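In my numbering, the protein residues as written are 18 to 252.
I should point out that these hints are in silico values taken from the structure, not numbers from a laboratory. A few of these clues could be false.
The calculated lysine-lysine pairs, modelled on BS3-like cross-linking and capped at a C-alpha distance of 25 Å, are [what the hints assert, rightly or not]:
hint : residue 1 : residue 2
1    : K159      : K77
2    : K179      : K67
3    : K159      : K125
Note that this is a predicted model, so its numbers are computed, not measured.
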Amino acid sequence: MKSLKHVSLPVVMILSIVTSIAHAASANNEPSLDQTFGEWNVYTYQLGGKKTCYIVSMPKNEGGTFTKRGQPYTMVTHVRNDVDEVSVSSGYSYKSGTEVAVDIGADKYTMFSKGELAWAYDAEQDAKMVTAMKKASKLVVKGTSQRETTSDDTYSLSGFGKAYDRMKDMCAIDKSAKGKDKDKEKDKDAKDKGSSSKKDDINDAIKDEAPNPDQDIFKDTKKKHKIRPRKESDQ
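My request is simple: use the sequences and hints to build the entire structure.
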């Protein structure tokens with residue numbers, strides 16, 4: 018098995034599942050809605066002084082055998098210029114050891130699950146999924162909960178391509194000056210460790226740098242939501 022990498026209401030409602038994180042976050046650290054394209058929202062967030070960008074959407078149609086659950090969503094997070102991370106949540110804890118099935122148009126994928134989240138197995142799969150999402154019109158996520166109930170959520174990919182491009186523009190890394198020095202250091206470290214491929218470096222970047230979403234969900238007058246990304250080490 019491959020190694021793991023890693024809402025029209027006048028009042029704003031905050032459903033905080035991870036209360037310790039919510040209390041620790043300052044006003045400046047709250048996620049900020051940049052733009053909305055179709056069914057996809059672009060958000061930015063400051064994490065350790067570094068801008069984090071991600072796009073997120075909620076399903077247009079929800080089905081399954083569940084009776085109650087949290088908010089399902091699909092998210093793509095910018096990690097580096099050449100690296101993105103796809104993650105999904107069905108609003109419940111997935112059954113241990115089960116995979117989450119994701120259909121993007123005619124393409125079929127599986128993602129590994131841990132708790133209430135699921136990810137692609139590696140950066141190569143992330144890239145393939147993003148490419149497929151740009152071309153397809155819908156995405157379907159199917160999962161099984163710890164109670165063995167199932168969910169079948171359908172997302173519209175309307176606006177995904179424009180939202181994705183905006184995210185990359187917002188968080189494009191400057192390769193000059195400090196950025197270049199950092200890349201050189203990473204390349205040197207990789208060589209010293211006997212790194213055999215770029216794919217290994219990308220997967221290491223995902224493990225070390227990629228934020229994972231918690232489940233603080235905000236609803237505003239346009240029924241948009243934002244889910245604050247955070248590192249796995251913050252859990």
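Quick rundown of the hints versus the structure:
With a C-alpha separation of about 14 Å, the suggested pair K159 and K77 falls inside the 25 Å cut-off, and the hint holds. With a CA separation close to 23 Å, the supplied pair K179 and K67 stays within the 25 Å bound. For the given pair, K159 sits about 11 Å from K125 by alpha-carbon distance, which is consistent with the 25 Å threshold.
Violated hints: none; the structure is consistent with every hint.
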